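Chains A and B, in that order, give the protein sequences. Offset between the first sequence (1-based) and our numbering: plus 45. Offset between the second sequence (1-based) and our numbering: plus 45.
Rather than coming from a laboratory, the hints here were simulated on the basis of the structure. Check each hint, because a few of them may be wrong.
Which copy is meant is left open, so a pair is good if it fits within one copy or across any two.
[Claimed, not checked] The list that follows gives simulated cross-link-like pairs (lysine-lysine, DSS-like), each with its CA atoms no further than 27 Å apart:
(1) K378 <-> K85
(2) K387 <-> K109
(3) K247 <-> K306
(4) K176 <-> K109
(5) K176 <-> K378
(6) K176 <-> K138
(7) K138 <-> K247
(8) K85 <-> K337
(9) K378 <-> K109
(10) K129 <-> K317
(11) K313 <-> K85
(12) K253 <-> K129
(13) K247 <-> K176
(14) K129 <-> K247
(15) K107 <-> K337
(16) K317 <-> K306
(17) K378 <-> K337
Just so we're clear, the structure is a prediction, and the values are computed from it rather than from any experiment.
2 protein chains.
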Amino acid sequence: MSTLSDQSTTRRGRTIISVDAMGGDMGPAAVVAGIALSAKINPDIAFILHGPRDQLERLVAKRKHLTGRCEIRDAQGVVSMSDKPSHIMRHGKDTSMWSTLDSVREGEATVAVSCGNTGALMALSMVRLRKLPGVNRPAIAVLWPSRNPQGFNVMLDVGADVRADEQDLLQYALMGVSYARNGLNLSHPRVGLLNVGTEENKGRAELKAAHELIGNMAPRANFEFVGFVEGGDIPGDVCDVIVTDGFTGNVALKTGEGTAKLIGDLLKEAFKHSPLSRLASLLALTSLRRLKHRIDPRRVNGGVFLGLNGTVVKSHGSADATGVSAAVKLAFKLAQSEFSEKLAARVASATALAHDTKTQQEDSQ
Amino acid sequence: MSTLSDQSTTRRGRTIISVDAMGGDMGPAAVVAGIALSAKINPDIAFILHGPRDQLERLVAKRKHLTGRCEIRDAQGVVSMSDKPSHIMRHGKDTSMWSTLDSVREGEATVAVSCGNTGALMALSMVRLRKLPGVNRPAIAVLWPSRNPQGFNVMLDVGADVRADEQDLLQYALMGVSYARNGLNLSHPRVGLLNVGTEENKGRAELKAAHELIGNMAPRANFEFVGFVEGGDIPGDVCDVIVTDGFTGNVALKTGEGTAKLIGDLLKEAFKHSPLSRLASLLALTSLRRLKHRIDPRRVNGGVFLGLNGTVVKSHGSADATGVSAAVKLAFKLAQSEFSEKLAARVASATALAHDTKTQQEDSQ
């Protein structure tokens, strides 16, 4: 099979996304259906798809929109949800996940997409893509339905690492700002630091230190710092980027998802309660669909790994074709805006700025 | 004015609740309306109400159900939402909050209720009621709408302290179990420890240590330990008591509330969208009311301070009469079940158990 680079596709300026076909709960059929959906909507996209060649060739052959736009890279190994990250780091060379990241490593694609095991994906990403100079801990950022005009806020870290010191939180702020610019088109994002109260003397020591660091950086790095925010502000409109450590962010993310799911289920029950309420639900169908669409997690499917040499979009393990397609859309948007390069430049210049400030302080002492 | 203890009320076995009339966003009128509502429903309840006598006498006189069942204790000072806890600890002697806690300290009531400043209330509670022997950090527990048959789960700590080590988390588990028994009538509560994954090797060091401590205590203290749980399990059905540190718990609580509020508002918008959806919302009114009732935060209004000599119910600052009445109902239930005494006994016996085990280990060395 010829490679994409041999074909007219790249010459026509198509953006290539590296996609892991394996490891999702719904198997490679859902992934291929998802990328076919994206290919249909978006003429400027092409794929390198990683997994067992035989299986993938059959699936891809069925999708006419993928003709000439999807190169298959054979990888027989699959990372399962129960695999330990440390095991995959040592023995995962033959897996589709490894191969997917290597396409980014080799510069064939700038963004990778996978529905697989988050822990393994992050561990492999650290090893294969390496951290950006100046980044101590990479982070996972998600989009969260909010009251802001853009409809979503960015929150990070939601689970790359269970701890973060003040320097890490500053890096998260900078990376989150970069993501909000390129992912949500916000020119001057507002950043909030998650805490248990908004007064400056609240919370843990590293938060007070981070408050100062981020506040000092804001005017020079062209964002607004609104100070401490609380859990209720994550879906709110006081800021666009919520900065927190991976432990707190992960709990908040899952609590929010669980609460939304519970309310959705209770709402369904409520509408099934009587003939009248069933009739009401029929009449309200479009309204309810509109609401569902607004908060559908599949629409914003994709945690983004930030702070690496290259961008990785982690799709939900349970993503169906719609979910995969949403993750691909995000990957495309980030690749097009040359997000990886911009983020790297931003982190590098912030590191230089911090270094300058330090040197000045040392000079003046 | 005669005191309640002079009257037939206590001889008739009424349970006395100490209530802070001041410091809530809606003022003393809402508090008096709330306790009047409780008095109307529950013939076995009586109150000691703390605040400026003139103002309270006028408000109480208007409520016939409070006649002879509400003693007023004059206190001219009010703790505001912006007062610093440290300031109130030193200069708050004349406040209604101080007076409210002192009724519990003196044994006139076993449970106190306040809508005031949480930080100040916790700080004053520590000073006036003192920690139970064996408790290092008191905790705030809340009830959370869940998929469990009882309709709610207990989560603690949600903000008494921003940190907790493994011993604190063990105490939280024991106190949470006691609360679930007495507040939710669960004879054999299931306890989960909040983490970013359910595998035993996940998360921070103190969580791994707490996992072992709580697991060892479970059979002896007559509860079930389900191990690590995630944010999504807070409104779920895998456990009844969720144990976490006050920082994480506070963020989770506010994230859940914020998400529920956002969905509620979007739902309202969705139903206003077209004439048809407005008609649908009319037809669905009872169903929607049923849903609202199920997740109405006012119904479970009241964080409970655990680990003190006496129980304090912290009502939402924005509580209206319904909210205050719900907090009073919870206070009554806890007072009736002699919760404070049972909790103290449980903590004491666990401390003894831990001590025994330690001694045995030392003996066998």
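Violating hint indices (sorted, rising)
2, 4, 10, 11 and 15
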